[in-house]
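**Q** Chains as they are written, first to last, in my numbering: chain A, 533 to 649; chain B, 105 to 660; chain C, 2 to 169.
It cannot be assumed that every hint is accurate.
[To be verified] Quick list of in silico lysine-lysine cross-link-like pairs, BS3-like style, CA-CA up to 25 Å:
1) B/K350 - A/K612
2) A/K612 - B/K141
3) B/K379 - B/K294
[Said to hold, decoys possible] Derived list of chain A stretches under chain B, where covered just means 3 residues or more per stretch with a C-beta under 8 Å from a C-beta of chain B:
4) 540-553
5) 562-575
6) 608-617
If you're looking for bench data, these hints aren't it; they were derived computationally from the structure. Every residue, glycine too, gets a C-beta built ideally from N, C-alpha and C.
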Amino acid sequence: MTLQVATANRLSDGIVVFLGYDGEWSRHVDDARIAERDDDIAELLSEAEAAPLVVGPYLIKVEVCSPEGLGRSVRPETYKERIRAYGPSIHPAFAKKMVPEHFDPSTDVSAVFMNGI
Amino acid sequence: MYVYDKFDNSLVSDRVEQFREQVGRRLSGELTEDEFKPIRLMNGLYLQLHAYMLRVAIPYGLLSSPQMRKLAEVARTYDRGYAHFTTRQNIQFNWPRLEDTPDILEELSSVEMHAIQTSGNCIRNITADQFAGVDAEELDDSRVWAELIRQWSSLHPEFTFLPRKFKIAVTGSPHDRTAVKFHDIGLILKHDEDGNLGFEVLVGGGLGRTPMIGRTVREFLPQQYLLSYLEAILRVYNQLGRRDNKYKARIKILVHETGIDALREMVEEEWSHVKEEGVDLPFAEVDRVRSHFTDPTYDVLPDHDHSFAVKQFEDPMFGRWVRANLAPHKMPGYVIANVSLKPIGGAPGDVTAAQMEAVADLADKYSLGEIRVAHEQNLVLADVKMSDAYSLWKKLDEVQLGTPNLGLISDIIACPGLDYCALANARSIPVAQRLQRRFADFSRQFDIGELTLNISGCINACGHHHAGHIGILGVDRRGEEYYQLTLGGSADENASIGKIVGPAFSNAEIVDAVETVIDTYLSIRANGEAFIDTYRRTGEEPFKIALFGEKQNVAA
Amino acid sequence: MSLLKAGKIITDTWTRIEDDQEFAEAGAVIVSLECWLNESESLRKRNEPIGVSLRNDQSPSQIIDDLEAISLIQLDFPAYTDGRAYSAARLLRQRYGFKGEIRAAGNVLRDQYPLMLRCGFDAFIVNEGIDLAGWQTSVEAMDTPYQPAADNDTRPVWAKRHGIAQAS
Ligand code: SF4
Chain A
533 MTLQVATANR
543 LSDGIVVFLG
553 YDGEWSRHVD
563 DARIAERDDD
573 IAELLSEAEA
583 APLVVGPYLI
593 KVEVCSPEGL
603 GRSVRPETYK
613 ERIRAYGPSI
623 HPAFAKKMVP
633 EHFDPSTDVS
643 AVFMNGI
Chain B
105 MYVYDKFDNS
115 LVSDRVEQFR
125 EQVGRRLSGE
135 LTEDEFKPIR
145 LMNGLYLQLH
155 AYMLRVAIPY
165 GLLSSPQMRK
175 LAEVARTYDR
185 GYAHFTTRQN
195 IQFNWPRLED
205 TPDILEELSS
215 VEMHAIQTSG
225 NCIRNITADQ
235 FAGVDAEELD
245 DSRVWAELIR
255 QWSSLHPEFT
265 FLPRKFKIAV
275 TGSPHDRTAV
285 KFHDIGLILK
295 HDEDGNLGFE
305 VLVGGGLGRT
315 PMIGRTVREF
325 LPQQYLLSYL
335 EAILRVYNQL
345 GRRDNKYKAR
355 IKILVHETGI
365 DALREMVEEE
375 WSHVKEEGVD
385 LPFAEVDRVR
395 SHFTDPTYDV
405 LPDHDHSFAV
415 KQFEDPMFGR
425 WVRANLAPHK
435 MPGYVIANVS
445 LKPIGGAPGD
455 VTAAQMEAVA
465 DLADKYSLGE
475 IRVAHEQNLV
485 LADVKMSDAY
495 SLWKKLDEVQ
505 LGTPNLGLIS
515 DIIACPGLDY
525 CALANARSIP
535 VAQRLQRRFA
545 DFSRQFDIGE
555 LTLNISGCIN
565 ACGHHHAGHI
575 GILGVDRRGE
585 EYYQLTLGGS
595 ADENASIGKI
605 VGPAFSNAEI
615 VDAVETVIDT
625 YLSIRANGEA
635 FIDTYRRTGE
645 EPFKIALFGE
655 KQNVAA
Chain C
2 MSLLKAGKII
12 TDTWTRIEDD
22 QEFAEAGAVI
32 VSLECWLNES
42 ESLRKRNEPI
52 GVSLRNDQSP
62 SQIIDDLEAI
72 SLIQLDFPAY
82 TDGRAYSAAR
92 LLRQRYGFKG
102 EIRAAGNVLR
112 DQYPLMLRCG
122 FDAFIVNEGI
132 DLAGWQTSVE
142 AMDTPYQPAA
152 DNDTRPVWAK
162 RHGIAQAS
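Taking the hints into account, I'd like the entire structure generated from these sequences.
**A** Written as C-alpha cells, this is what we have:
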C-alpha cells in the first residue's frame, strides 16, 4: 500500500506546495490530498499537471501519523522530501510555520533531523 | 576597480528590461515553464528545493562597498535577510520571488552588477586571485585579464550554447589561490626568457563526477593573443565536445578522450587562423582596462607597528587572528585581512544583511572601500594598515566575523547541500556545523595546523571535496544520507585529487571518522609537518587502518 | 513553417530534397551533404541553384572547395541548446568567405535569434505566426556587443571606445 500526494513549486515565488482536497495548493504537507488506489493516484497526478501557476508537479510517497489527539499529520517517506516539506534544517526560523504536530517548532530542526524523525 | 562606461551600462540595463518582459510573459502564461527555464537560467535564476535562487555574478570576486551595501539591501528587501557566498566568488539569494527578480536585477544594475552567465552552458564568471594587486610575489594583476575575458565572453554569440558550462581562472602569483588547475581553462601569468609577459595555458581541469587536473596546452602564450587563443580553444570545444551525455560534456573529457597532444594540434591549427581575424584587442583597450586597477595611493609607513605587536600579546584571540587570517601585503606597514565567514556552528559562506553592511563600513574605514570574495567562501579586506588591524578585528568580532580560523580545520568549504539544493543527495551544512563544533577549540585547531576540509552534497562537487586535504561527499544509500571520505586533495599550485578511502559513513559516524583521521595524523606527523605533507609521505594506509582496522581492505 | 529573412516573412523558393527523392526538372533544391558529395556532378549539370544542408556533426570544411557552386547552406539546430552550428556559420562567413544564404533550421527561437544573426545566419525557418516585432526587439536589446563576430557592420564595444572603424 502506498499513499501518495502531489507536490510542486509555486510559480510566483517557488515555494513548495501540495495539492489539497479543495483543489487548492497549500504550503503545508498536512493539507495534502492523499491518494491510495491506482486510479486515484493517476487522477491526482493529471490534476496536478494540469494546474496553472505551479512548476514541475510530481507525486511523492507519504505516511500518515495520527499522534493522539493531534489530528492527522503527513510525513514524506524520503528525507529529501521531508526537507522539502518542512524547510531547511539549518535555520529553524525558516522552517514552515505550521510544522507537523510531532515536530516541536522550538526545537533545533537539525538535531531533530539527525535523530531521523 | 573597473568602472562601467556607457557601453557596459547599456548592455546590463538592456538585459534587465529584456528579462522584465520575459518574466511578464511567463507570469501571464504566454511562456511555458519549458520555454522560460533557459531564459531564467541565463539570468542566474534557478528553481531550487524550497524556492527560486538568484545567483549574482561578482566578477573575479571584487566588490566595492556600495555594491556590498546594495547586496545587503536586496537580502533585506527581497529575501530573508541573508545571502550565501559561493565557491566561485559569486553570491546567491535563496528566497527571491519570481515577480521581484526584474526589480532585484534593476537594483543591482544601479551598482554595475548583474546575473548574466551565472548559469547555463556558457562561459561563467571568471575567477581571479583574491590577493591580486596586493601580493608582493605577483607577476601581474590577474584582475586586468579577468575583466578583459569577462567582456569578451559576455553574451558571446558563438559560445552561449556550449556542450557544458565553462570556467576560466587567471592567476598572477606563483602561489595559486584560484584552484587554477581545476578550471576548464587555467591561465597562469608568466614571463618568457626575454621577459615578455604571457600565459601558460592549461586546459581540461575540473571537479565533478570525473575530477581532473588541467594539462598544459601551451607553455607560453604572448599576452596580446589571449582572446584569440581562448576563442580557438572554445571553438574546438564547441564543435567537438560531447553532447550525448551531460556527464561527459566538459572539456576535460574531450582532453581525456582526444589526448592533450592531439587537442593541442587542433587548437594551434584553429588559432593560426583566429589570430588573424581581429579578435584580439588593441593595446589601447588593454591599457584602458589596466588603468582601472592601478595602485591606490598608499601611505608611507614603517615596516612594523608597535601597537600591532603589543596587542597580539595582550589579546590572545587577536594574536590568533593575526596568525591565521592576516597575510603579507606588498607595501610596508600594510596587511591583507581575511574575514572568515565560518563562525563555529554557522553555515559556511552565509552572511546576514547586517554583516554585509558592517563589512562595507569597515572596508570604507580601513581598506580603501573594496572587498574581495575568495573561492573558499571568505572575504578579504586587502589594504589594511597594521596599525588599524586591532580596531578592525574588534569590530569584525562584534558581528561574528572575527573568527581566527583561516586555513584551519573549521574554515570548511561547504556547498548548500540538501538544505537548499535540488540536486543534492545529502546535507552539507549540518555536517560542517557539527565538525566545527567538534573542533571548536582554537588551540586544538592551531595544533592541527593548515588543513582544508571541503564538503559537497553530491557528485557535482560544488564544495570542491576532491580538492580538499580532507573531502566529504554526500551520497544517498538506500534513502539514507551517507558520506564518502576522500583524502589527499589539494587545490593550490601542487594540485592533487583526493582519493576515496573505504566505504561511506553514516550521518552519525562521519564526524567521528574525520576525528579519527585527524588523530592519526597527529600521532604520525613529523615535526612541523602539515596534514597534506604527512599524507603524501605515508599514503592512505595508516588512515585506512585507523578507520577500518588492520584487515579491512574494502573497496570503495 | 515560415521563412524569416531580413526582418520579414517571405516565400521560400527552395525545395528540400531527401536522399531517396528524385529531383524535379527545375527549381532550387537543398540536399544533404552526402547527396552533394555523391552527386555533385549531376546537380551542377541541372544548372539550378544548389543548397546543401549540414547536420550539426558535419563540418563545413568538407565543402570549402565547392562554395562557388553552392548558393545556400542550411545548418541545423536539433535543439536550441546544441550550439555547434554557431561555429559552423562563423567559419563559413569569416574564414571561408561564403556569400550565399546561411539558413538556420530546427529549434530556432526568438531568444537565440540575435546570436544567430551575429554569427552570420541570414535566413531562419521559424514557426508560423511568430511575433515579428518581438523578434526585432530581441535584436535591438543586443546592439553593443563586446566582441567581434561575423556581422561586420556591428563594431564591438572596444572598437567604438577607441574610435576604430573596422573590427577586422
Ligand atoms: S555539490 Fe551537489 S548538492 Fe552541493 S550545491 Fe552542488 S549540486 Fe547542489
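**Q** All the hints need checking, so say for each whether the structure fits it.
**A** Verification of the hints:
no. : hint            : verdict
1   : B/K350 - A/K612 : holds, 23 Å
2   : A/K612 - B/K141 : holds, 23 Å
3   : B/K379 - B/K294 : holds, 20 Å
4   : 540-553         : holds (count 7)
5   : 562-575         : violated (count 0)
6   : 608-617         : holds (count 6)
When held up to the earlier numbered hints, the structure conflicts with hint 5 and nothing else.
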